[in-house]
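**Q** Sequence:
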Amino acid sequence: MTTIKRKAVAGGVLFELLNLNPDDKDDKRKIDSDAVIKEIKQNPQSAEVMYKFSTGQPCFPLYKAIELGASMDVVAAFCSPTALEGKEGEDTPFDYALLHGAELNVLKLILEKQIEVTGMENYDTTKPLRDACNNKLPLEVISMVLNTWPDAVRMDDYFGWRYTALHIVCCNKSPLEVVSLLVNAWPDALQHRSNSGYIPLNLACRHGAPMEVISFLVKSWPDSLQQTTNLN
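Its first residue numbered 3, the sequence shown is counted upward by one per residue in our numbering.
These are calculated hints, taken from the structure and not from any lab test.
Heads up, the beta-carbon is just placed ideally off N, CA and C, and yes, glycines get one too.
Just to be clear, a hint being listed does not mean it is correct.
To be verified - DSS-like mimics (lysine-lysine), calculated; alpha carbons at most 30 angstroms apart, straight line:
#, residue 1, residue 2
1, Lys221, Lys175
2, Lys30, Lys110
3, Lys30, Lys129
4, Lys30, Lys40
Stated by the list, open to error - Per label pair, the in silico range of CB-to-CB distance:
#, residue 1, residue 2, range
5, Pro177, Asn197, 42 to 48 angstroms
6, Thr127, Asp190, 16 to 22 angstroms
7, Gly103, Asp28, 26 to 32 angstroms
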């Protein structure tokens, strides 16, 4: 899957309907879902045009809809093969939806459509779990990503620090249910060391994780209390 380069336009009915500021809550509420869907039905080719909106980089309407937190019906209307094959920087539509905290039903829709168009074999199988954990997304989202790419929990290429997904959630004070989900998926992560020799418990303590998380990590691997890092 490669970034599709197209000339961006700044006009037209769809442009006017979507030219809203995603960082402005009041502006986001102005999106007229019925009008957007009506326009797509009348002019389906407009979903495959890149637009130069007032904020952000030129993009397909699909990405703008994701930014605005549009309804699943609106997002579905924009899921054309052209948009699904494209990227916003390094992000596929599904990656972009994860980064913008899309609802679970929207995420499932985009992932299903994207795989239909691009195939699972063309996907970076480690990025979604990393992004979901790093952005502290809800348990059901992380669980969905993990179920889709179960082997991603064993990857330790995150940030070049040899962090697994468990290391990441221990750094950002994620809740117990997320931590336990990852431990249950791959218990060996409890003993996995980063480049600096940190196991997840070390990072949980350093970054002020909830006490229930620290207690769970110790209970899951009691010998962790005897471990030292490369810095000791």
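**Q** Hints first: check each against the structure and report whether it holds.
**A** So, going through the hints one by one against the coordinates:
Proximity of lysine 221 to lysine 175 is assessed by CA-CA distance (about 18 angstroms); at most 30 angstroms being required, the pair is judged to hold. Annotation: proposed proximity of lysine 30 to lysine 110 holds, straight-line Cα distance about 22 angstroms (limit 30 angstroms). Taking the CA atoms of lysine 30 and lysine 129, the gap is about 28 angstroms. The hint holds against a cut of 30 angstroms. As the CA atoms of lysine 30 and lysine 40 are separated by approximately 19 angstroms, the hinted pair is consistent with the 30 angstroms bound.
The beta-carbon spacing between proline 177 and asparagine 197, approximately 26 angstroms, falls outside the hinted interval of 42 to 48 angstroms. Checked against the hint of 16 to 22 angstroms, the pair threonine 127 and aspartate 190 passes, with Cβ atoms roughly 19 angstroms apart. Range check, glycine 103 to aspartate 28: Cβ separation about 18 angstroms, and the 26 to 32 angstroms hint is violated.
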